[in-house]
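A.B. asks: Protein chains in written order, with my numbering: chain A, 1 to 464; chain B, 465 to 912.
The hints are simulated quantities; they were obtained by calculation from the structure and are not laboratory data. Among the hints, a few may not be true.
Straight-line Cα separation of at most 25 angstroms, SDA-like style, residue types lysine to any residue; simulated pairs [to be verified]:
| hint | chain 1 | residue 1 | chain 2 | residue 2 |
| --- | --- | --- | --- | --- |
| 1 | B | Lys-720 | A | Lys-323 |
| 2 | A | Lys-437 | B | Leu-592 |
| 3 | A | Lys-323 | A | Asp-159 |
| 4 | A | Lys-151 | A | Ala-222 |
| 5 | A | Lys-258 | B | Ser-640 |
| 6 | A | Lys-437 | B | Arg-800 |
| 7 | B | Lys-720 | A | Tyr-107 |
| 8 | B | Lys-687 | A | Glu-415 |
Label pairs and their computed distance ranges (CB to CB) [to be verified]:
| hint | chain 1 | residue 1 | chain 2 | residue 2 | range |
| --- | --- | --- | --- | --- | --- |
| 9 | B | Glu-797 | A | Tyr-107 | 32 to 38 angstroms |
| 10 | B | Gln-736 | A | Glu-269 | 27 to 33 angstroms |
| 11 | B | Val-766 | A | Ser-455 | 44 to 50 angstroms |
| 12 | A | Asp-421 | B | Arg-596 | 37 to 43 angstroms |
| 13 | B | Ala-560 | A | Gln-102 | 49 to 55 angstroms |
Computed far set for chain A versus chain B, every beta-carbon distance over 10 angstroms [to be verified]:
| hint | residue |
| --- | --- |
| 14 | Thr-140 |
| 15 | Arg-214 |
| 16 | Gln-229 |
| 17 | Gln-270 |
| 18 | Lys-323 |
| 19 | His-366 |
| 20 | Phe-385 |
| 21 | Val-386 |
| 22 | Leu-394 |
| 23 | Glu-396 |
| 24 | Arg-399 |
| 25 | Thr-425 |
| 26 | Ile-458 |
No experiment lies behind these values; they were computed from the predicted model shown. Think of the CB as a built atom: it goes at the ideal place given N, C-alpha and C, for glycine as much as any other residue.
One letter stands for each residue in the lines below.
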Amino acid sequence: MIDESVVSHVLGTALRTGGEFAEVYAEDKRSSGALLDDGKVEELTSGRDRGAGIRVVVGETTGFAHTADLSEAGLTAAAEAAAAAARGGGGGVRTVALTRRQVSRGYDIEVFPDTVGKADKVALLTRADETARAEAGAITQVSARYADSRKRILVANSDGVLTGDEIVRTLFWVSCVATGDTGMQTGRESVGHTVGFELFDRYDVEDLARRAARRAITKLEARPAPSGQMPVVIGSGGGGVLFHEACGHGLEADLVAKGASVFRDRVGEQVASPLVTLVDDGTMAREWGNIAVDDEGHPAQRNVLIQDGVLTDYLWDHLRARKEGRSSSGNGRRESYQHLPMVRMTNTYLLAGADDPDDIVSSTDHGVFIRQLGGGQVNTATGDFVFGMTEAYLIEGGRVTEPLREGNLIGNGPEVLNRIDAVGTDFAMGPPGTCGKDGQGVPVGDGVPTLRVTSLTIGGTAAS
Amino acid sequence: MLDELLAVGDRLVARAHPGEQVEVVVTSERNTEIKAYEGEIESLASAESQGVGVRVVRDGRQGFAYAGTLDEGAVAEVLDEARDNMAFGTVDEYQALAEPDGVPTPELALFRPALLEHPTAAKVDLALELERAIRAADRRIVGVESAEYWDGVFRSAIVSTTGVRNAGEETAAYLSVWALAEQDDETQTGFGFSTGREPGELDPARAAADAARRATRLLGATKPPSERATVVLDPWVTAQLLGILGWTLNGESVLKGRSLFADRLGDDIASQLVTLVDDPTDARAFTATDTDGEGLACRRNVLVADGVLQQFVHNAYTARRAGTVSTGSAVRESFRSLPGVGTQALVLTPGTAGQPELVAAVGDGILVQDVAGLHSGVNPVSGDFSTGAEGLRIRGGALAEPLREFTIGSTLQRLLRDVSAVGADLEWFPMSAAGVSLVIPDVTVSGT
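The shape of chain B in the complex, shown without the other chains:
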C-alpha cells in the first residue's frame, strides 16, 4: 500500500521540468464511525478516501493543486494545474521546498495492525457498551447527545525533487460521549472519551464515568456574581488554551508581525513554573507523528523553559526567512492544503501537586471545567482573552456549588505571567495539546 502511494509520488516528481521543484503528497485514509443511541446503532459509516496534493516552485514562485482521487488521469492534471497556478504567485526569494536535513525519523510504533483485524461487530459492541455504561452510570443520566466509536488508518507518502522520499502509516481510535443529566427540569451536559492506537486500548467505563461526573456535578448550577477570582483550569481547558498559545509561537505569525511574542526571544514571557514543549515524538500524544508535512523528521522542541521564550516553530520556508533551520513543524490539514507551520503536540511540564491539592491551596476561587467560544472571544494577535465558562465554586479549599453562564477574561500575556501553580495531572486529549491543571489568580469573572 505504501509502495503504491510512493509510486504515485515518484511518477509525478519524474515529470518535473528542468529548474522546477515538485513536491507530491499522497494520502489514503480509512475511517469507521459508529454512533449508538438507545441500545441501537444509529449510524455506521465506513469510508475510504484518497487524494494527492502537488506543489511546484520555480524562481521563487509557488503553485498548488489537489484532487480527491488517485485516478491516473486526474493526478496528471493536478501537476499541470499546480504549474499553471505558479505563474500568478509573487516572487519570493525564500520560497523553496524542504531539503532533507539528516535528522533521523523517530520510531514511534503508531501503526497497529490489530486495528485492521478488529471485526466491525466488535467495534459496534464497543459503541453499544459505551452507551449502556453512561446510562447506567448515574440515575440522573437521562440520555446521550452522542455516543460514538471512531477509528482511522492513515497512510501517506511524500516525494520531492529535493530528495525527500518517505511514507508512513498510523492508526488511531477513540470513544467519545456527551451525556445529558437531568434533575428538577434542568439539564446539564458532560463529555468523556478514551483514546488509543487500537480498539483494545479503549476504555468505555472510564469515558462514561467522566461524562457522568462532569454532567451531574453541574446540576443546580447558578450564575456567579462578577468579581475577580483565582481560577483553577481543568486539564481539558488548559489544553485548549495551549492550542491558542501555540499559534502565537509559530514562525509564520512571528515573521508576519502577528505574534505577541515576535521580539521576545530570551525574555521572560511566563511564570517560571511554565515550561512548554512541542513534542510530536511523544507516542502518548493523540497527534504524535514521525514526519512533518514536508517530510522532515519530527522532533522535540522546547518553546518556553522556566518562563523564558526559547524558540519558535518553523517549517522550511519560515526557517529560511528567519535565518534558522526547520524544527520539523510543517503542518498540513490534508492533501488539499499547502504545508503551513504550527505546533503539533504541546505539553506543559507537570508540577507535583494533583488537582485536589491545588484546590485546597487556592482556598477560594473557581474550578473551570469547560469553556465555550474560544474562537470568538480570544484574539491571538492582540492577546485579548474572553471565554464562556462553567465549573464549580472553590470554597474553603474544597469544591462547592456548580456555576454556569459566566465568562473569564484577561489577556494571554497576563494569563501566562500569572500562573501560580502547575498540576501533576497530565492528561492527553484527542487534539494537538495535552493538559494539566493550572492555577491563575486575579482573573476577571463576568456574571450577574
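Here chain A stands alone, though its shape is the one from the complex:
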C-alpha cells in the first residue's frame, strides 16, 4: 500500500517537533452491500475508502491528522499536521528503522467477496424475502441486507513495528414485520463472520428468514413483560451483551485510568461469582471480532479478564500500556483511518460451566427466559447497565411458557456478576454486534452458555 522507505520518512517527519512516539495507520477498504426491502432490491452499493491516520505523542498529548492522499507528499503533510498538534520540546532528526512483523490469522479466506457476482449476492436477498413471506400470511414486511468488506491495513510506528493485515467480513441479516389484531411486531436474525462468501456454506438464508419470521409471529401473541426484580435465565448464544455491558466496558484501561470504572483498583479481587470465567479473544477464528493484529500493530491475543470470579486484568491499548510500563493486550482498535485508536473489546465470552441447561430452567420456579438479547448500554462509572430482550418468555413452575413483548432489563455490573448461580455446558457464540464508544463503531463478537442471574430488574410495561 505504501513503500517501506516512505513510511520510514513519514515517521521521521512526524517526530521532528520532539514527539516520543509516532504511528502511521493506512487503510484501503472496499465495501459492497445490497438491500432488499418491500419486495424490491432497492440498493446495490459499493464504495472505496483509502487513507492514512498519523498520530504523534508528546508527553500526555496526542496529535492526530488524517489524509486520503497516500502519496509521500500527502502523508508528509499529515505527519506535519499531527506533529504540530502535539508540539513538544526539543526537535531533531530521528530515523526510524522498521522491522516487518508477520502475522497470521490461522485460517484462509476461501471465497473473496469481490470475486462473487453481484447477481449471486442479490439472489440471497430474494430467497430470504420469499421464504419469510411464505412462512405465514401474518408476515407483512421483509427487509434483508447483505454486506461485505475487504480491508487491507498497514501499521508502522517509531518503535520499529511494521505490520499489516487483510480483513474480510461478510454479513447477512433479515428483518420481518408481522401484523395481527394486537398490532405489529418485529423479528430479526443476523449472521456475520470474518470470512468471505463461504459464510453461506455454513448458514442457510432460508433458515435465517424462517427464524426471523417466527420470532415476529410469536411476539404477536406476547403479553407485556412483567415489571420488577426476578430470576433471569439467558439462553446459550442469546448474546453476551450482558457481559459486554456489565463488565466488558468497565475493564477498558482508558476508562479505568480516568476513574470512570467501578472496576478500578480491583485486580486480584473477587468481582464475580466463582462460576464466571470471562475471556476477550481477538484470535477466535472466523468470529465477527476476529483480528490478526489490532489497529496499533499488536498481535491479537486471548486475554482472560475474570478467572473463577477473580478479576485478573484489564484490556489495554498501546498508550495506556506504555504509561503503565507493560505490554498492550492487543485491544487498540479504531473504526477507520479517520479515528484515533482506543481500548476496545474483540470477542468477549463466558466459558461454559458444569450445569445441565435444562436443569437451569427447570430449577427456576418463576422468572424470565431470554432466548435473544438486543443491544445494551452501560455507565461504566456507576456500573449501571441496560440491555434489551428481543425474544423472551415467562418461566412458570420451571417451564418456559408465554412469550413476552420487548423491553429493557437494568442492573448494576458488580452486583449482577455476583448473582450468577448457574452456568451451562452449552456454550455458543451469538449474533454479530457493533460496539459503539466515543462515536466509533467496531465489530465485536460475544458468546455465552445458558446461565442464570438470581435477580435482575425487568423493565416491563405490565401494571404492577
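Given chain A's structure and the hints, the job is docking chain B onto it.
C.D. replies: Structure of chain B alone, referenced to chain A:
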C-alpha cells in the same frame, strides 16, 4: 471551494448516458477535536475529508457507489460502478431523482467565517477552560471522563441531470463534558454542553455548571420500588423520545407498513397539548440546514397540530409513491449513503410553565434526568417502550432524593396520548431534536 465541488458534480453529470438520470453529491469537511484532561491536552485531532456519492437511475432501477476521495480517477470509477450496480436493482415505477420544485432556499446564515479564523491555540484554551471549570464547580467533582471541544466546517454540492444544482457551507462547534462526582465511595456522572456556529458562541461555564449539577444531585441515589407513577421528562429526555417518534412519521416507514401511525392522518394520536414541528429552517437548531439530501429547499413541516396527525415527511421517492410532494426531508448520513427520508429538527411547541412549576403541580412523581438503552428497549414498529432511567423523586411538589437503576415503560402510543403538560423550557441539543419538559402520568416504573 464550493465552485470546485460543483465542478466535480458537473463533470460527472455531463457523462450521463441518454435516458439515464445521474445525481452527484460532493462533500468536503474539516473538523477539529480537542480533548483536555488534568490540565493538559489529551489529544488534538485535525481532519480533512472529502468524498463523492453517485446515484444513477434508469428505467426504474437505481444504483449507487461512493469513494472517500475527490481524486479524478477514483471519481470517474464511481460513476461506472454505480451504473454497474444499477443493473441488479428491481424495477420500481416510482424510482427517479428529485426535480426542482421552485421552493426558495431559506437564508439561514449557518456559515461563520469567524470559525475558520479562530486560531487553534484559542480552541485549545476553550477545552482547557472547560476542564478547569468543571473541576472547580463543586468539591465533589473528582474528575472528568471527557472534556472536549469540537468544530467542523461542512461544505457540499449536489448536481443532477434533473436540474438540481446547488452548494452550501455550514459551520458548527460545541463543547461537551462528562463529569465524575464522588462521595462516600460512590460515583455518579453528569454531562453538560454548549453549542454554536462559531467558538465565540460557546459557554464553558454553562456546560460545566450543568454537568456538575447533574452529577452531584445523583449522589446517594437508590433504586425505587416498582410502581406506577407520574413522570416529568427532562428536555434532554424528551428530545431523545422525539427522535424515535420522528421515525414513525417518516414516509418510508409509513409506505412500507412499519409505522404505528400509517393509517392515522387526521386522527387524534396525541394529547391536544402536543404540536410537533419538524423545522430545519430554524437556525437555532444544531441540525438546521437550508437544503435536503436531494438538493431541495428545506421547509417547516407541521406533523402534529393540537394532537391531530397532519402529515408525514417525504423525500422525492416516498412522495411520488404516496401521491404527494416532497417535504424537503431527504436525509443523507454522508456521501456514502443514498438519501433516505427523515425528520431533521423536531421541536414541540412549548407550553407556558417552567420545570419547577410543572414539578410543583405534579406533587408526587419522578423527574427523569437521563435515559439509557433507547435503542435496545424501544421498538418503534410495535411501539413497545422500555428504557433505563435515573433522576429525582418528586415529593410534595418539590425535587427530593435521587433515584437510579430503574426503568420506565409504556408504549409510544400511550405516552403521546397521556401527555398532561408541556413545559416552556425549550432547549436545543447537539442532535436532530430539541426538548421541553413533558409530564406523563401513569407510567410503569420498574425497580425493586
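A.B. asks: All the hints need checking, so say for each whether the structure fits it.
C.D. replies: Hints versus structure:
With a C-alpha separation of about 53 angstroms, the suggested pair B:Lys-720 and A:Lys-323 falls outside the 25 angstroms cut-off, and the hint is violated. At most 25 angstroms may separate the alpha-carbon atoms for a hinted pair to count; A:Lys-437 and B:Leu-592 meet this at roughly 23 angstroms. A hinted pair counts as satisfied when its Cα atoms are at most 25 angstroms apart, and A:Lys-323 with A:Asp-159 qualifies at roughly 15 angstroms. As the CA atoms of A:Lys-151 and A:Ala-222 are separated by approximately 43 angstroms, the hinted pair breaks the 25 angstroms bound.
For the hint pairing A:Lys-258 with B:Ser-640, the CA-to-CA distance comes to about 17 angstroms; that is within 25 angstroms, so the pair holds. Pair hint A:Lys-437 plus B:Arg-800 holds up; C-alpha atoms about 21 angstroms apart against a cutoff of 25 angstroms. Proximity of B:Lys-720 to A:Tyr-107 is assessed by CA-CA distance (about 42 angstroms); at most 25 angstroms being required, the pair is judged violated. Among the hinted pairs, B:Lys-687 with A:Glu-415 is consistent with the structure: their alpha-carbon atoms are about 13 angstroms apart, no more than 25 angstroms.
Distance hint check: the CB atoms of B:Glu-797 and A:Tyr-107 are about 33 angstroms apart, consistent with the given range 32 to 38 angstroms. Range check, B:Gln-736 to A:Glu-269: Cβ separation about 56 angstroms, and the 27 to 33 angstroms hint is violated. Under the hint 44 to 50 angstroms, the C-beta atoms of B:Val-766 and A:Ser-455, about 47 angstroms apart, fit the expected range. In this structure, A:Asp-421 and B:Arg-596 break the distance hint of 37 to 43 angstroms, their C-beta atoms being roughly 48 angstroms apart.
Between B:Ala-560 and A:Gln-102 the C-beta distance comes to about 52 angstroms, which sits within the given range of 49 to 55 angstroms. A cut-off of 10 angstroms between C-beta atoms contradicts the statement that A:Thr-140 is not in contact with chain B; the least separation is 5 angstroms. With a least CB separation of 16 angstroms from chain B, A:Arg-214 remains clear of the 10 angstroms interface cut-off, as annotated. Listed as outside the interface, A:Gln-229 is inconsistent with that label: its C-beta sits roughly 6 angstroms from the nearest C-beta of chain B, within the 10 angstroms cut-off.
Interface exclusion of A:Gln-270 from chain B stands, the closest Cβ pair being 18 angstroms apart, more than 10 angstroms. Against the 10 angstroms criterion, A:Lys-323 stays outside the reach of chain B, whose nearest CB is about 12 angstroms from its own CB. Listed as outside the interface, A:His-366 is consistent with that label: its C-beta sits roughly 15 angstroms from the nearest C-beta of chain B, beyond the 10 angstroms cut-off. Some Cβ of chain B comes within 10 angstroms of the Cβ of A:Phe-385; the nearest lies about 8 angstroms off, and the non-interface call is violated.
A Cβ of chain B approaches the Cβ of A:Val-386 within 10 angstroms, the least distance being about 3 angstroms, so the stated non-interface status is violated. At roughly 15 angstroms, the least C-beta separation between A:Leu-394 and chain B is larger than 10 angstroms, which holds for a residue marked as non-interface. The claim that A:Glu-396 lies off the interface holds: its Cβ sits roughly 19 angstroms from the closest Cβ of chain B, which is beyond the 10 angstroms cut-off. Listed as outside the interface, A:Arg-399 is consistent with that label: its C-beta sits roughly 24 angstroms from the nearest C-beta of chain B, beyond the 10 angstroms cut-off.
Under the 10 angstroms C-beta cut-off, the non-interface status given to A:Thr-425 relative to chain B holds; the minimum distance is some 28 angstroms. With 10 angstroms as the threshold on Cβ separation, the claim that A:Ile-458 sits away from chain B is violated: the shortest Cβ distance comes to roughly 6 angstroms.
Checked against the numbered hints listed earlier, the structure breaks hints 1, 4, 7, 10, 12, 14, 16, 20, 21, 26; every other hint is satisfied.
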